[in-house]
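2 protein chains.
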Amino acid sequence: MNRTRLDRLLGGIDTDGYLLDASQDDANQLYLSGFTGPDPFLTLYADGEVHVLVSGLEYGRARSEAAADTVERHADYDYEYGGREDRYDMYARFVREKGVESVSVPPRGPVGTADALRERGIEVEVDGEDVLGEVRAVKTDEEIEAIREAQRANEAAMRAAESLLVEAEIAGDGDADDTIEPETLLYRGEPLTSERVAEEIEVALLRRGCALDETIVAGGAQAADPHDRGSGPLRANEPIIVDVFPRSKATKYHADMTRTFCVGEPDPAAREWYDLTERALEAALEAVEPGATGEEVHAAACEVYEAAGEPTFRTDPETETGFIHSTGHGIGLDVHESPRLASGAGELEPGHVVTVEPGLYDPAVGGVRLEDLVVVTEDGHENLTEYPLEFVVD
Amino acid sequence: MNRTRLDRLLGGIDTDGYLLDASQDDANQLYLSGFTGPDPFLTLYADGEVHVLVSGLEYGRARSEAAADTVERHADYDYEYGGREDRYDMYARFVREKGVESVSVPPRGPVGTADALRERGIEVEVDGEDVLGEVRAVKTDEEIEAIREAQRANEAAMRAAESLLVEAEIAGDGDADDTIEPETLLYRGEPLTSERVAEEIEVALLRRGCALDETIVAGGAQAADPHDRGSGPLRANEPIIVDVFPRSKATKYHADMTRTFCVGEPDPAAREWYDLTERALEAALEAVEPGATGEEVHAAACEVYEAAGEPTFRTDPETETGFIHSTGHGIGLDVHESPRLASGAGELEPGHVVTVEPGLYDPAVGGVRLEDLVVVTEDGHENLTEYPLEFVVD
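Order-wise, the sequence lines are chains R and D. For the first sequence, position 153 (counting from the first letter as 1) is numbered 153 according to the UniProt record's numbering, and the numbering increases by one without interruption. For the second sequence, position 10 (counting from the first letter as 1) is numbered 10 according to the UniProt record's numbering, and the numbering increases by one without interruption.
Just chain R, same shape as in the assembly (with noise of 0.2 Å):
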């Protein structure tokens, strides 16, 4: 955590103090407290000191986990399995116990305890900026480190699955029966499907400590829709999207790589399609360094793909082909955070860590995108990516 910079835009907002009311799987939480804890608990920021409030069953454990300055328990505000207004009572005890009147909340954060804390005399504002997830936006060098190593892990997931397609055979007139077509991807015997890719690298991941809730394996037309996850079977001679965003479990730190591979011969839009990326990539990338805003980075990758004459949402809002998404996101302890390389986006700093994926899509060819993830420095940025951008394997 960066003490100075939280302490800096924390103590910037207008209320006496900053409260989270969430589990470990909100990120605001598991970084302003440092406590894995499965079921919610309160976390209060106040006069530059950070409060965690936990049930006697995690007490040991945030004591010895929490980065928090205090770690109090229900007990300490003598209640145990009480009601739900009992509950809110001890809250609202909590808080005003720091000498806060006044607490920012997330948009996200639960309207039950906000109301309850409301009845109980506690002014609750909404913090629509986040202003934790700006604090969020800005690694420390440990964290950086964490970042790499899921990283690392990832790779390794990524060679996994590139091998199942190397190993793929591609079945022929001869081979195709009535449940397999010709030009199926073929291993081991069986069609190589979308979930069978998945598993290899979810199973790649966990021997490395890290764990994903989804990848991305997707070929031919649903390769098209950059949020489509893959299903059945994979064709060869057309681009088939790999795209892995792991978690590492002890960290909680992500990372996140996508490469697009074809098996056979692609045809010459694919391939256009893919030199275009590559050279979309390498220009966003060489736009990514401290001051250069969000929309300097995306606008890099748009031109590459408008010179094409491919669309972007800046050439064409409404259009559905071409370039459909943002060049890339901040990630830390989400998946996607604060910045985002987009139109609007504002200055990158040092120690921001992002996604650079430009990717292009329609359903009468496919989808192609590469994403490398780099932190940016003092003077430029280091591209945490080490894995080759092929897009032929065989």
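There may be inaccurate statements among the hints.
Copies of the same chain look alike in the list, so a pair counts if it works inside one copy or between any two.
[Claimed, not checked] Quick list of in silico lysine to aspartate or glutamate cross-link-like pairs, EDC-like style, CA-CA up to 20 Å:
| # | residue 1 | residue 2 |
| --- | --- | --- |
| 1 | 98 | 123 |
| 2 | 252 | 155 |
| 3 | 98 | 14 |
| 4 | 252 | 228 |
The hints are simulated quantities; they were obtained by calculation from the structure and are not laboratory data.
Dock chain D against the given chain R, drawing on the hints supplied.
Below, chain D without anything else, positioned relative to chain R:
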């Protein structure tokens, strides 16, 4: 989804509608919308109909996937990538166009949205009763099948864990060097750790389409803390708790099972605890039937322990050893949901799916817990667990 039950319970609320602003990570949202949206979206229940509002990016998938009566997209309200206030304007219009002037929201719904709707003249009330959780508690046959299927995967994972323990050797004085203590379990020459067993469980689950966030593999004093996930080398001659609660990736429903194993010779105290816990499990299972209360099922387990002189929360609310948790919990889209098997818990109904998991804990002895998964039927219950109860494995 049990539509009759939904209409009956949601029809009974005091406001014009029930509003969710959440992603698929929220079980109520997943249940009511039937849509696996990765980002927060709105679902409104009003006048017996379910309405979903998603971004353009999710619209196609939501239309084909959602169980809702209507699916709308942001563009239907002329909203594209506007600011926060524009977004809230859209939300207010979405609600009002359904003839709704007041909504109920769950206690953990986002305060930002609640406040914004209030500013726009829509009354927002917090539903402290978690009506949707009560709807979800009673499962349809399809939901029960999904849980049963996840439980089959869970049993495969438990077998994988048990196999590692069966194969393990016990380090003797002769083997012990500076780093390996006598009685440490060795697997292929290396100390067998909690982490290694958990990894095997996760891989087995992945191979069967399930995922999990956490697993408990805890031996010795670690097992005496029901929330400790376990870490480091496992040892012979002491109880090892293995508690696995996976989620099916396809259906999103959970399973849950705990076994306690011992490699070598348990001491008499641990052996007695195991036998007692097996009897507590049997007694509690026998009590599970429609019309019985969760309190009665809990009492059945407590009575076995209390008769043997072991403390429970009923005999000593302050105890830190003995049976120090409730007997079980409902399970479904959430791993912990309604109903509870605990003091004060209400009547069981056919379709409730609950865990039954008595246990004993004391750092001096360790921990023992046994957990089966059952569904309440018209005339009793069906045990969904097919895994033997066997303490000593070798």
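If you test the structure against every hint from before, which numbers come out violated?
none
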